[in-house]
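Dock chain B against the given chain A, drawing on the hints supplied.
Number of protein chains: 2
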Amino acid sequence: MSNAFADRLIETVRKHDAPLCVGLDPFADKIPALFGDLRQDAAATLLKFGSSVIEVAAKHAGVLKPQLGLFEQFGEMGYATARMLTEYARSSGMLVILDAKRGDIGTTAEGYARATLGEKPGFDADCVTVNPYMGKDTLAPFVALAAQKQKGVAVLVRTSNPGAGDFQDLQVGGAPVWQRVAQMLAPEVSQLRGASGWSGLMAVAGATYPEEARTLREAMPHALFLVPGYGAQGASAADAVAGFVPGPRGREGGVVNASRSVTYPQAAQNAKSMNEWRAAIGEAMSAAAAELRTACAP
Amino acid sequence: MSNAFADRLIETVRKHDAPLCVGLDPFADKIPALFGDLRQDAAATLLKFGSSVIEVAAKHAGVLKPQLGLFEQFGEMGYATARMLTEYARSSGMLVILDAKRGDIGTTAEGYARATLGEKPGFDADCVTVNPYMGKDTLAPFVALAAQKQKGVAVLVRTSNPGAGDFQDLQVGGAPVWQRVAQMLAPEVSQLRGASGWSGLMAVAGATYPEEARTLREAMPHALFLVPGYGAQGASAADAVAGFVPGPRGREGGVVNASRSVTYPQAAQNAKSMNEWRAAIGEAMSAAAAELRTACAP
Chain A
1 MSNAFADRLI
11 ETVRKHDAPL
21 CVGLDPFADK
31 IPALFGDLRQ
41 DAAATLLKFG
51 SSVIEVAAKH
61 AGVLKPQLGL
71 FEQFGEMGYA
81 TARMLTEYAR
91 SSGMLVILDA
101 KRGDIGTTAE
111 GYARATLGEK
121 PGFDADCVTV
131 NPYMGKDTLA
141 PFVALAAQKQ
151 KGVAVLVRTS
161 NPGAGDFQDL
171 QVGGAPVWQR
181 VAQMLAPEVS
191 QLRGASGWSG
201 LMAVAGATYP
211 EEARTLREAM
221 PHALFLVPGY
231 GAQGASAADA
241 VAGFVPGPRG
251 REGGVVNASR
261 SVTYPQAAQN
271 AKSMNEWRAA
281 IGEAMSAAAA
291 ELRTACAP
Chain B
1 MSNAFADRLI
11 ETVRKHDAPL
21 CVGLDPFADK
31 IPALFGDLRQ
41 DAAATLLKFG
51 SSVIEVAAKH
61 AGVLKPQLGL
71 FEQFGEMGYA
81 TARMLTEYAR
91 SSGMLVILDA
101 KRGDIGTTAE
111 GYARATLGEK
121 PGFDADCVTV
131 NPYMGKDTLA
141 PFVALAAQKQ
151 KGVAVLVRTS
161 NPGAGDFQDL
171 QVGGAPVWQR
181 VAQMLAPEVS
191 QLRGASGWSG
201 LMAVAGATYP
211 EEARTLREAM
221 PHALFLVPGY
231 GAQGASAADA
241 VAGFVPGPRG
251 REGGVVNASR
261 SVTYPQAAQN
271 AKSMNEWRAA
281 IGEAMSAAAA
291 ELRTACAP
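Each protein sequence line maps, in turn, to chains A and B.
Under the working numbering, the letters of the first sequence match residues 1 to 298, in that order.
Under the working numbering, the letters of the second sequence match residues 1 to 298, in that order.
To be clear, the hints were calculated from the coordinates, so they are not data collected in a lab.
Don't take every hint at face value.
Pairs involving identical chains hold if they fit within one copy or between any two copies, as the list cannot separate such chains.
Unchecked claim - Okay, derived cross-link-like pairs now, DSSO-like style, lysine-lysine, Cα gap no bigger than 30 Å in a straight line:
{"id": "1", "residue 1": "Lys30", "residue 2": "Lys149"}
{"id": "2", "residue 1": "Lys272", "residue 2": "Lys48"}
{"id": "3", "residue 1": "Lys120", "residue 2": "Lys149"}
{"id": "4", "residue 1": "Lys48", "residue 2": "Lys120"}
{"id": "5", "residue 1": "Lys272", "residue 2": "Lys120"}
Here chain A stands alone, though its shape is the one from the complex (with noise of 0.2 Å):
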């Protein structure tokens, strides 16, 4: 398959038969004392939390979305910690959707843009998420440079948090705004599709909404998804998929984001040892993935 970002995600969304995406959220209060006090020694937890994450995720899912807001809350150190990681899970054979919701007037979001998806000094990100609400040419620079570096845009349509309809439901002529905002994207979906006929501008479907995620579908036939709200957040795993369709392996269409769940599970609170640790989240990462597979069986 060719090199497009959205035949690399499909094609290692395949391989691991699971659609999952490993969401790496550094939070001070729940990363185990193993890993030292993200407190009192930022860079130091950091890198070696998410090091150590990336190495099991790297197993069970081909994805991973480091939430960068995340690791501003510690200074530049926590965004160069946050770009290192980037580095180290392409390294480790994964994609990465750097979760930076970045919008902004032109020149502005060309420096947005090379600071995300482009080379050192910038992240080199597989796809970068991006908010709409500033309008279509906001949204361009990133497209262009992902159109050229074969990478991907993954715009906000509808979220999952809880205030996410205040401004994305407000009716439209007879449909929400965010139905709007996925017709209006149509060219730059076009523009993003890869040999598989998926797109790379990808387009955020929270699973807490899996009716609005099927008719988002109809909107938009081609674009992957990013679907948040897995796990921790309260969807199922067949609410997570229910904007996939059928493929060649079953139901595809995007990945599923999980953070909480499968970094932060109960089991690795309580280990003793990073071999301990290692294990249970290894465990909860397989049990993601079984989950997924099973929602996605033909």
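Here is chain B on its own, set in the frame of chain A:
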């Protein structure tokens, strides 16, 4: 007056007798060679250019707006430099509105709030720009931290870029989305009101749409406006203050940002020495302040 951000902002505007906000936007192709080559030696060039702009800006304007995306393109060193320049501007007596346009769900928004408004290792900026698309719960951590630390939050309502209308202008029951955003922010505006009557819940209101600015003022009578689009983006001083209202010393109600027109004026590009450069940008800032002062005159 109190120490609330809104009061500090309106006080410095009154002191300078002009609502000028200087935008700090580092462009590799615009920074004069006097400061080094941004592509070769990013950190030193950013620090030297940024601190030199601040030294002049502090004489002409009360507020500085660093555009974080243009720093992030230089990686963690760019990110660190933006933080150091924020600290330098504040120690020079300026208020800093960090233009980061962040927005994310609960715990991640808390991370971004700490990163931007929190103390070291955060930026400790006076105010941060945020994106409302994901819903009001995603703004809450910023507003909570701002309330606690007497700081501000500038919400993107009606931006100044060409594509701003794509989603912001979609009609919802006879009014555009941006008006609904404005209406829904009423509780947050109340929460951040200072003794002056103005609120540190600012609205970003593009100067390229003066009619909308007047409508927005009706919807948000107490919100201070952050007005982009003046100068290089084409709006006049009169357009820029269209949403301002009569105050004790003339029209007031926010700050107007000028970036390229005051930090890269033609005379500065041709400067042979730092003194010439300082004189050139000082003149451009003085002219912008005078133009805004005239537009605000009672």
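These are the hints, each one checked on the structure:
1. Lys30 x Lys149: between (36 Å within a copy, 26 Å between copies)
2. Lys272 x Lys48: within (16 Å within a copy, 50 Å between copies)
3. Lys120 x Lys149: within (14 Å within a copy, 36 Å between copies)
4. Lys48 x Lys120: both (22 Å within a copy, 22 Å between copies)
5. Lys272 x Lys120: neither (38 Å within a copy, 33 Å between copies)
In summary, the one numbered hint that this structure violates is 5.
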